[in-house]
Amino acid sequence: MPYRNTSLLYSRTGKEGAVRIAELVLACAVRVAAEARKRLDLGESRLLQVTCKLVADVAVVAGDHVLLVRYRDTSRYDGEAGWFLPDDFLARLEHPDDAARRILREQAGIEAAEVQLAEIESFDGDVWHLVFHYVAAIAEPVEVPLDGNVEEAKWCPPGELPDPSETAHHGWALDVLSRVLAAPALE
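Just so it is clear: in the sequence shown, position 159 is 188 by this note's numbering, and no numbers are missing.
Keep in mind that the hints were calculated from the coordinates and are not lab data.
Glycine included, C-beta positions come from ideal geometry on N, C-alpha and C.
A few of these clues could be false.
[As the list claims (entries may be wrong)] Quick list of the computed label-pair ranges, beta carbon to beta carbon:
(1) 131 <-> 93: 25 to 33 Å
(2) 194 <-> 156: 22 to 30 Å
(3) 189 <-> 68: 45 to 53 Å
(4) 122 <-> 175: 23 to 31 Å
(5) 138 <-> 186: 18 to 26 Å
(6) 127 <-> 93: 27 to 35 Å
(7) 152 <-> 185: 18 to 26 Å
(8) 131 <-> 110: 17 to 25 Å
(9) 168 <-> 62: 45 to 53 Å
(10) 103 <-> 172: 22 to 30 Å
(11) 70 <-> 93: 53 to 61 Å
(12) 185 <-> 69: 49 to 57 Å
[Unchecked claim] Below, a list of computed lysine to any residue pairs in the SDA-like style, where the Cα atoms sit at most 25 Å apart:
(13) 183 <-> 94
(14) 82 <-> 157
(15) 82 <-> 103
(16) 82 <-> 207
(17) 82 <-> 99
(18) 82 <-> 120
(19) 82 <-> 180
(20) 183 <-> 166
(21) 67 <-> 80
(22) 183 <-> 211
(23) 82 <-> 177
(24) 183 <-> 84
(25) 183 <-> 173
(26) 82 <-> 104
(27) 183 <-> 131
(28) 183 <-> 108
(29) 82 <-> 193
(30) 82 <-> 145
(31) 82 <-> 126
(32) 82 <-> 124
(33) 82 <-> 62
(34) 183 <-> 208
Between the sequences and the hints, there should be enough to build the whole structure, so can you do that?
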């Protein structure tokens, strides 16, 4: 299913993203309040539950290659198979920077790489997603251990990335890569 109502909230090209995030959170709160009021007007007394999934992914760059992975258990990924950037949900109270480093360690066997926030993206569907896109640069491609949920990993030159039909979520990782790799470096 393609993502609906996608908003790029922050990118390295501008710092106004923090204001945009605050506006988005406020808009979400207003929607929740309006829905709660509507339910009360209809005589419903149950609480309104809003689900937000916090996700981090990492575009790992090694020279002129980027890392893509496939997962064994796709249930955490809306049943989507195909290539992904290494990603995971944030643990409760986990900072997104720490999540990015954990993802590198757990899914790629990469320790102590510097991670840089490139973008924050939001979209809704069945639940609201807030995705923190990171970039990590390492000197050269490393062998990725195929344990945990990583079933397959490959290092691709940007000109040899898989087709969107082979990439989960209709090529979303490719869209993210095209944006974060084209953006100017962080200062």
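Against the structure, the hints come out as follows:
As the Cβ distance of residue 131 to residue 93 is approximately 26 Å, the hint placing it in 25 to 33 Å holds. At about 25 Å, the beta-carbon gap between residue 194 and residue 156 stays in the expected band of 22 to 30 Å. The hint said 45 to 53 Å for the Cβ distance between residue 189 and residue 68, and at roughly 51 Å that hint holds. Distance hint check for residue 122 and residue 175: the Cβ-Cβ separation is about 30 Å, which falls inside the suggested range of 23 to 31 Å.
Restraint check, residue 138 to residue 186: a C-beta distance of roughly 21 Å satisfies the suggested window 18 to 26 Å. Separation of residue 127 from residue 93 is about 28 Å and conforms to the stated range, judged on CB atoms against 27 to 35 Å. For the pair residue 152 and residue 185, the beta carbons lie near 25 Å from each other, so the given range of 18 to 26 Å is met. At roughly 23 Å, the beta carbons of residue 131 and residue 110 sit within the given window of 17 to 25 Å.
In this structure the hint that residue 168 and residue 62 lie 45 to 53 Å apart at CB holds, the actual value being about 50 Å. At roughly 23 Å, the beta carbons of residue 103 and residue 172 sit within the given window of 22 to 30 Å. Our hint of 53 to 61 Å for residue 70 and residue 93 holds, since their Cβ atoms are close to 59 Å apart. Between residue 185 and residue 69 the CB atoms are about 52 Å apart, so this pair conforms to the stated range of 49 to 57 Å.
A distance of roughly 9 Å separates the Cα atoms of residue 183 and residue 94; the hinted pair therefore holds under the 25 Å criterion. Taking the CA atoms of residue 82 and residue 157, the gap is about 6 Å. The hint holds against a cut of 25 Å. At roughly 16 Å between alpha-carbon atoms, residue 82 and residue 103 fall within 25 Å of each other, so this suggested pair holds. Only pairs whose Cα atoms come within 25 Å are accepted, and residue 82 paired with residue 207 is accepted, the gap being roughly 23 Å.
For the hint linking residue 82 to residue 99, the alpha-carbon distance of about 20 Å falls within 25 Å, and the restraint holds. Among the hinted pairs, residue 82 with residue 120 is consistent with the structure: their alpha-carbon atoms are about 10 Å apart, no more than 25 Å. A C-alpha spacing of about 23 Å is found between residue 82 and residue 180, which places the hinted pair at or below 25 Å, so the restraint holds. Pair hint residue 183 plus residue 166 holds up; C-alpha atoms about 16 Å apart against a cutoff of 25 Å.
Between residue 67 and residue 80, the direct Cα distance comes to roughly 19 Å. Compliance with the 25 Å bound is thereby established for this hinted pair. Between residue 183 and residue 211 the CA atoms are separated by roughly 21 Å; this keeps the pair inside 25 Å, and the hint holds. Simply put, residue 82 and residue 177 have alpha-carbon atoms about 21 Å apart, close enough for the 25 Å limit, and the pair holds. Distance check on the hinted pair: residue 183 and residue 84 sit about 22 Å apart at the alpha-carbon level, within 25 Å; holds.
Among the hinted pairs, residue 183 with residue 173 is consistent with the structure: their alpha-carbon atoms are about 8 Å apart, no more than 25 Å. As the CA atoms of residue 82 and residue 104 are separated by approximately 14 Å, the hinted pair is consistent with the 25 Å bound. A threshold of 25 Å between alpha carbons decides the hint, and for residue 183 with residue 131 the separation of about 19 Å falls inside it, so the pair holds. This hinted pair checks out: residue 183 and residue 108 have alpha carbons roughly 21 Å apart, not beyond 25 Å.
Under the criterion of a C-alpha separation no larger than 25 Å, the hint pairing residue 82 with residue 193 is consistent with the structure, at around 24 Å. A C-alpha spacing of about 21 Å is found between residue 82 and residue 145, which places the hinted pair at or below 25 Å, so the restraint holds. For the proposed pair residue 82 and residue 126, the alpha carbon gap of about 16 Å is at most 25 Å, so the pair holds. Distance hint between residue 82 and residue 124 is fulfilled; the C-alpha atoms sit about 14 Å from each other, no more than 25 Å.
With a CA separation close to 19 Å, the supplied pair residue 82 and residue 62 stays within the 25 Å bound. Restraint check for residue 183 and residue 208: satisfied, since their Cα atoms lie roughly 20 Å apart, inside the 25 Å limit.
When each numbered hint is compared with the structure, no violation occurs for any of them.
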